[in-house]
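Asks: Chains as they are written, first to last, in my numbering: chain A, 25 to 407; chain B, 449 to 794.
Calculated directly from the structure, the hints in this document are not laboratory data. No residue lacks a Cβ here, since even glycine has one placed at the ideal position from N, Cα and C. Keep in mind that the hints are not guaranteed to be accurate.
[Unchecked claim] Far from chain A by the CB rule (all over 10 Å, computed), these chain B residues:
| no. | residue |
| --- | --- |
| 1 | ASN621 |
| 2 | ASP668 |
| 3 | SER678 |
| 4 | THR722 |
| 5 | ARG765 |
| 6 | PRO774 |
[Said to hold, decoys possible] Once the Cα atoms are required to be at most 25 Å apart in a straight line, the calculated PhoX-like pairs of lysine-lysine come out as:
| no. | chain 1 | residue 1 | chain 2 | residue 2 |
| --- | --- | --- | --- | --- |
| 7 | B | LYS764 | B | LYS754 |
| 8 | B | LYS532 | B | LYS679 |
| 9 | A | LYS345 | B | LYS634 |
| 10 | A | LYS345 | B | LYS541 |
| 11 | A | LYS306 | A | LYS321 |
| 12 | B | LYS534 | B | LYS483 |
| 13 | A | LYS256 | B | LYS599 |
| 14 | B | LYS721 | B | LYS679 |
| 15 | B | LYS588 | A | LYS256 |
| 16 | B | LYS534 | B | LYS754 |
| 17 | A | LYS221 | A | LYS303 |
| 18 | B | LYS754 | B | LYS729 |
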Amino acid sequence: MNFKLKDIGPQLMTVIAVVLVFGFFTYNAQVNMENRGIDFGYGFLSQESSFDVQFSLIEYDGSHSYFRAYLVGLLNTILVSVIGIFLATILGVLVGIARLSPNYLINKFAAFYVEFFRNIPLLLQIFFWYFAALRALPLPQDAEAMFGISFLTIKGLFVPAFIWENFNIFFYSIVAAIVAIIVIRTHAKKVQETQGKQIPVLLISIGLIFILPLLSFLIGGVRLSFEVPVLKQLATTSFIYEGGVSLPPELIALALSLSLYTATFIAECVRAGIQGVGKGQKEAAASIGLTQNQVLKLVVMPQALRIIIPPTTNQYLNLTKNSSLAAAIAYPDLVLVFAGTALMQTGKAIEIVSITMFTYLSLSISISLFMNWYNNKIAITEK
Amino acid sequence: MFKYLKQLTSLVAMVAVLFTFTTESMAAKKSKTLKNTQKKGFVRCGVSQGLPGFSNADAAGNWTGVDVDVCRAVAAAVLGDANKVKFTPLSAKERFTALTSGEIDILSRNTTWTLSRDADIGLTFVGVNFYDGQGFMVRKSSGITSTSQFKNGISACTNIGTTTELNMRDFFNSRGISYEPVAFEKADEVVAAYDAGRCDTYTTDKSGLAAQRTKMKNPDEHIVLPETISKEPLGPVVRQGDSVWEDIVRWSLNTMIEAEEYGITSSNADSMKTSDNPQIKRLVGAEGEMGAAFGLDNEWNLRIIKQVGNYGESYKRNIADTGILPDRGPNELWTKGGILYVPPSR
Chain A
25 MNFKLKDIGP
35 QLMTVIAVVL
45 VFGFFTYNAQ
55 VNMENRGIDF
65 GYGFLSQESS
75 FDVQFSLIEY
85 DGSHSYFRAY
95 LVGLLNTILV
105 SVIGIFLATI
115 LGVLVGIARL
125 SPNYLINKFA
135 AFYVEFFRNI
145 PLLLQIFFWY
155 FAALRALPLP
165 QDAEAMFGIS
175 FLTIKGLFVP
185 AFIWENFNIF
195 FYSIVAAIVA
205 IIVIRTHAKK
215 VQETQGKQIP
225 VLLISIGLIF
235 ILPLLSFLIG
245 GVRLSFEVPV
255 LKQLATTSFI
265 YEGGVSLPPE
275 LIALALSLSL
285 YTATFIAECV
295 RAGIQGVGKG
305 QKEAAASIGL
315 TQNQVLKLVV
325 MPQALRIIIP
335 PTTNQYLNLT
345 KNSSLAAAIA
355 YPDLVLVFAG
365 TALMQTGKAI
375 EIVSITMFTY
385 LSLSISISLF
395 MNWYNNKIAI
405 TEK
Chain B
449 MFKYLKQLTS
459 LVAMVAVLFT
469 FTTESMAAKK
479 SKTLKNTQKK
489 GFVRCGVSQG
499 LPGFSNADAA
509 GNWTGVDVDV
519 CRAVAAAVLG
529 DANKVKFTPL
539 SAKERFTALT
549 SGEIDILSRN
559 TTWTLSRDAD
569 IGLTFVGVNF
579 YDGQGFMVRK
589 SSGITSTSQF
599 KNGISACTNI
609 GTTTELNMRD
619 FFNSRGISYE
629 PVAFEKADEV
639 VAAYDAGRCD
649 TYTTDKSGLA
659 AQRTKMKNPD
669 EHIVLPETIS
679 KEPLGPVVRQ
689 GDSVWEDIVR
699 WSLNTMIEAE
709 EYGITSSNAD
719 SMKTSDNPQI
729 KRLVGAEGEM
739 GAAFGLDNEW
749 NLRIIKQVGN
759 YGESYKRNIA
769 DTGILPDRGP
779 NELWTKGGIL
789 YVPPSR
């Protein structure tokens with residue numbers, strides 16, 4: 025009995041302390057809000073927001089609700105995070121490998137990049153890209169066309185929009201290609217395990233993913249045309265491009281600075297991972313006759329990934345959270361739209377900040393769960 | 449003799465306790481905010497992060513502006529020294545939370561008085577120290593001279609967390625013009641982005657446009673369009689629930705405006721004590737008990753006028769002489785064709 029109390033006593037006390045602290049804060053907030061005549065409640069979420077947002081992935085204007093404004097902000101946060109994670113991963117892997125290159129120039133350049141970008145505060149980098157680098161871009165009327173169809177200007181990047189005919193057939197062709205690839209991969213694995221024969225899965229996969237959609241164009245009646253942005257005059261010296269898709273400079277600056285910054289950390293993770301695989305492993309693999317590519321694919325990478333994934337997960341989380349610095353340069357992310365404008369217009373500070381905190385928490389936990397799942401998948405399976 | 453000593457001491461103690469109790473409750477009756485302010489020795493005032501003419505700090509950290517003067521007037525009234533103010537620069541987004549959470553006691557930060565702000569979020573507006581309206585600024589070279597020339601696809605830079613964002617939507621919507629709002633948290637960033645050519649127009653209160661124009665690379669390249677698209681009565685705000693403090697701030701502002709009406713200035717205030725006009729005498733503390741209800745002495749209003757000046761002096765010093773808005777427009781006294789009209793101090 026005594027032993028048991030000693031065991032659960034500290035835990036119990038901690039729980040009580042935590043509950044008391046939370047209770048105190050809740051009570052304190054309630055009393056003070058009551059004194060100052062502030063109501064508490066989430067009813068405002070269904071009210072009309074009556075403010076517009078610059079850039080939105082879903083249909084939105086001020087006649088929609090605050091909840092929809094929240095979704096707009098959330099999707100914009102996810103968008104910039106996904107773009108950032110994608111670019112940072114590619115760049116990080118490239119730079120990480122480059123740091124191990126025997127070529128002096130490549131090696132030192134990669135080292136310089138890592139040291140330079142990871143040692144400057146992110147907010148400064150965002151300001152630099154937005155206020156210094158993008159400001160040097162031309163006005164719309166002075167912009168040179170890239171490939172004749174895209175325009176990079178101070179008001180954003182204007183690219184052609186795709187206009188599809190029979191898009192669903194094209195979509196099904198891609199789905200069919202992916203299903204076929206999965207079937208072939210499973211089959212190839214079986215063949216290798218039972219007969220020891222190797223089927224060139226990669227080549228077949230690449231072929232399939234190109235040929236099937238191509239067929240949909242030739243015989244499926246799919247048509248693709250482009251809507252090229254056209255310069256439109258607003259006033260004597262003020263122009264804009266109409267038609268096509270426009271990416272706001274705020275998004276470009278934010279995605280660029282987030283990925284350049286985070287890539288440095290990912291590069292270090294990758295370098296550590298590759299260097300963490302014992303030299304003996306590579307030599308042993310080579311000695312049984314595997315080619316250079318096979319050594320990398322079958323021996324080094326599977327082991328390196330186990331070292332790379334956990335710290336890289338942290339970097340993905342950091343990038344997602346750092347995207348909230350968007351507020352500094354007018355990119356309408358969750359913090360700017362919801363914890364900024366919506367908070368100001370409603371005055372519901374506690375409600376909105378709590379929703380925002382909870383949202384970031386959920387986002388981070390989702391990324392974390394996914395990466396843990398992936399990490400478990402590639403971990404050594406003890407037999 | 450010593451027999452009654454014990455009883456005597458307890459009687460003295462009881463009287464002392466009673467006395468403390470009564471003074472304590474009277475002080476509490478005055479105002480909690482007032483009591484705290486007098487204890488601290490300075491007025492805690494929330495201002496902008498830099499808006500010339502309204503609240504702007506120079507290189508040495510001295511704050512000037514008409515919004516700043518409201519806080520200085522309160523300091524002169526309750527502490528006797530207009531310099532005993534601690535200024536907290538706040539973004540539009542932070543301002544109300546700073547006030548309701550008790551970080552500041554007066555918010556004097558070109559804040560528009562609206563129904564929802566007054567009623568919803570635990571704030572009380574005490575008056576108007578500047579009548580403003582939202583306008584648009586464009587580059588002269590654009591050839592735009594009126595908002596009727598705005599076309600679909602125009603991009604507009606502005607601040608988040610202001611009535612500006614809402615008015616802008618009403619304006620463009622009612623005219624059926626599609627536009628791109630680019631909203632920043634800080635005014636300096638809005639100006640930088642507009643100045644660089646990110647936006648075709650910059651929209652905020654007209655006084656703000658006039659003030660920010662002075663900060664641009666080349667002010668002459670920009671013009672403020674004549675149209676005014678909204679009513680923006682700007683004024684000081686206090687927390688809800690302390691009506692005495694609310695009255696002190698309200699009447700500090702009213703005193704400045706009324707002093708101008710009666711021609712009392714910082715230089716002639718003392719000599720006005722002997723005026724024949726009882727209204728003037730009340731404004732310089734020479735007649736009536738005008739401070740008692742606030743828990744202040746009788747010369748609180750005299751100190752405001754002497755140390756800060758009347759509204760006209762403040763306007764001239766901060767807004768007219770700095771070239772921001774030389775013409776007072778609606779911010780002229782009602783007796784001179786403007787709409788400044790305050791209830792009488794009596």
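Asks: If a hint holds in the structure, say so; if it doesn't, say that too.
Replies: Structure-based check of each hint:
Separation of ASN621(B) from chain A is inadequate, the least Cβ-Cβ distance of about 7 Å not exceeding the 10 Å criterion. Listed as outside the interface, ASP668(B) is consistent with that label: its C-beta sits roughly 15 Å from the nearest C-beta of chain A, beyond the 10 Å cut-off. With 10 Å as the threshold on Cβ separation, the claim that SER678(B) sits away from chain A holds: the shortest Cβ distance comes to roughly 13 Å. Under the 10 Å C-beta cut-off, the non-interface status given to THR722(B) relative to chain A holds; the minimum distance is some 45 Å.
Distance check for ARG765(B) against chain A: the nearest CB is about 31 Å away, which clears 10 Å, and the non-interface claim stands. No Cβ of chain A comes within 10 Å of the Cβ of PRO774(B); the nearest lies about 28 Å off, and the non-interface call holds. Pair hint LYS764(B) plus LYS754(B) holds up; C-alpha atoms about 16 Å apart against a cutoff of 25 Å. For the hint linking LYS532(B) to LYS679(B), the alpha-carbon distance of about 33 Å lies beyond 25 Å, and the restraint is violated.
About 21 Å separates the Cα atoms of LYS345(A) and LYS634(B), which keeps this hinted pair within 25 Å; it holds. Between LYS345(A) and LYS541(B) the alpha-carbon distance is near 20 Å, which keeps this suggested pair within the 25 Å criterion. Annotation: proposed proximity of LYS306(A) to LYS321(A) holds, straight-line Cα distance about 11 Å (limit 25 Å). For the suggested pair LYS534(B) and LYS483(B), the alpha carbons sit about 16 Å apart, so the restraint of at most 25 Å is met.
For the hint linking LYS256(A) to LYS599(B), the alpha-carbon distance of about 10 Å falls within 25 Å, and the restraint holds. A C-alpha spacing of about 38 Å is found between LYS721(B) and LYS679(B), which places the hinted pair above 25 Å, so the restraint is violated. Proposed proximity of LYS588(B) and LYS256(A) is supported: the alpha carbons are some 19 Å apart, at most 25 Å. Under the criterion of a C-alpha separation no larger than 25 Å, the hint pairing LYS534(B) with LYS754(B) is consistent with the structure, at around 20 Å.
Straight-line distance between C-alpha atoms of LYS221(A) and LYS303(A) comes to about 29 Å, which puts the hinted pair past the 25 Å bound. Note on LYS754(B) and LYS729(B): the hinted pairing holds, with a Cα-Cα distance of about 14 Å set against a maximum of 25 Å.
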